[in-house]
Amino acid sequence: MAEYSLEQGSALILGCSAIGAGIAMIAGLGPGIGQGFAAGKGAEGVSRQPAASGDIMRTMLLGAAVAETTGIYSLFIAIMLVFANPLVSRYMSLFGE
Amino acid sequence: MSVLLLNAEEMDFNIHVIKVFNIFGLKFVFTNSLWNALCIAIAITIFCAIVGHKVRKADPLKPQKGIVGLMEVAVEFLNKTTRDTMGPQKYNFAAFYGGLIIYIMVCNLSGLLIWFVPYRDHITIDFIRPPTADIAVTLSMALITFFMTQGFAIKEKGVGKWLKALTEPVPFLTPINIIGEVANPISLSFRLMGNILAGTVIMGIYYMLVPYLAYIVSPALHFYFDIFAGVLQSYIFMMLSMIYVSGGME
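Protein sequences, first through last, are from chains S and F.
In terms of the working numbering, the first sequence has 80 at position 80, counting the first letter as 1, and numbering is strictly consecutive.
In terms of the working numbering, the second sequence has 1068 at position 68, counting the first letter as 1, and numbering is strictly consecutive.
Read the hints as simulated data drawn from the structure, not as lab findings.
No residue lacks a Cβ here, since even glycine has one placed at the ideal position from N, Cα and C.
Mixed in with the good hints, there may be bad ones.
Unchecked claim - Over the 12 Å line for every Cβ pair with chain S, so calculated as not near, a few chain F residues:
{"hint": "1", "residue": "1019"}
{"hint": "2", "residue": "1020"}
{"hint": "3", "residue": "1029"}
{"hint": "4", "residue": "1032"}
{"hint": "5", "residue": "1119"}
{"hint": "6", "residue": "1191"}
{"hint": "7", "residue": "1206"}
{"hint": "8", "residue": "1221"}
{"hint": "9", "residue": "1237"}
Claimed, not checked - To spell it out: a stretch of chain F is covered by chain S in this simulated footprint if at least three of its residues, at any positions, have a beta carbon under 8 Å from a beta carbon of chain S; those stretches are:
{"hint": "10", "segment": "1195-1203"}
{"hint": "11", "segment": "1224-1236"}
Stated by the list, open to error - Listed below are several chain S residues computed to face chain F (Cβ distance under 10 Å; list not exhaustive):
{"hint": "12", "residue": "12"}
{"hint": "13", "residue": "13"}
{"hint": "14", "residue": "14"}
{"hint": "15", "residue": "55"}
{"hint": "16", "residue": "56"}
{"hint": "17", "residue": "58"}
{"hint": "18", "residue": "65"}
{"hint": "19", "residue": "68"}
{"hint": "20", "residue": "69"}
{"hint": "21", "residue": "71"}
{"hint": "22", "residue": "75"}
{"hint": "23", "residue": "76"}
{"hint": "24", "residue": "79"}
{"hint": "25", "residue": "83"}
{"hint": "26", "residue": "84"}
{"hint": "27", "residue": "88"}
Please put together the full structure from these sequences, using the hints given.
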């Protein structure tokens, strides 16, 4: 650690955190696909049985919200890395004065 | 939803500490989201007292108009949802879930309102940071669901059957079942908090990046992130909580 200053280390951590936040949001693919399936099947069900559209709508929204959970987790990680980064303070406590 | 319309130069989504209390050696931190949640709870209590007074004075034989009619529709919707989801015997839970959904919905929508918010060492009039964008608020509500699930399961089935249900289908899977039970409140609370916090952050970034377009595009974004997501997530929280509690009792 002799040849690098603390500022350079922090900048490296911040840059890598930004990349990590971007990579974390790739998880948005999964909920998108899942909610698309749910909506498609919901439309199918309504066209087959229009009388049950209320029940189908309720079940679809519930399933879509549950499918969204993984996306929300990744979003939480990304927001934490960007706005409330715990790694820099940890680095400073490890290698700072 | 954000603070940025009034303080455009600083983007601040953090939870601020207002006061730290020491109660029996435990540190209790009073934050601005707790202050907002307290104000919302008081406002709902006053509103309910007024509406309850009106409902008591209303003539039950006539069709109702105004706020009493609206409350009638809401109560009917709640009763129907509870009966459909939990079954006709557990219909009494409607009262609890009514309080839960009203509180969560008002908390989610509170980002659109202005109120007195303590900030650093002075009090400002600012947009409310929604209390449900704080894990402390949502996790406390999810823990109510968790303890209700276990408590009503024990009350309904007895301790022996409750313990036996954890070892099904084979005793080997007991740790998985326990992890599954503990994961419920965590996923419930993170889902609600993540949606509301994401809406807050996205609206804040939007107002910071393109402030001159804000008056044209932002109503649509507010409709999606605040109103649609807020109402939908409160409904989802209530439905999942109902499913967990009634599933534990079976």
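- Contradicted hints - numbers only: Those not satisfied are hints 6, 9, 12, 13, 14, 16, 27.
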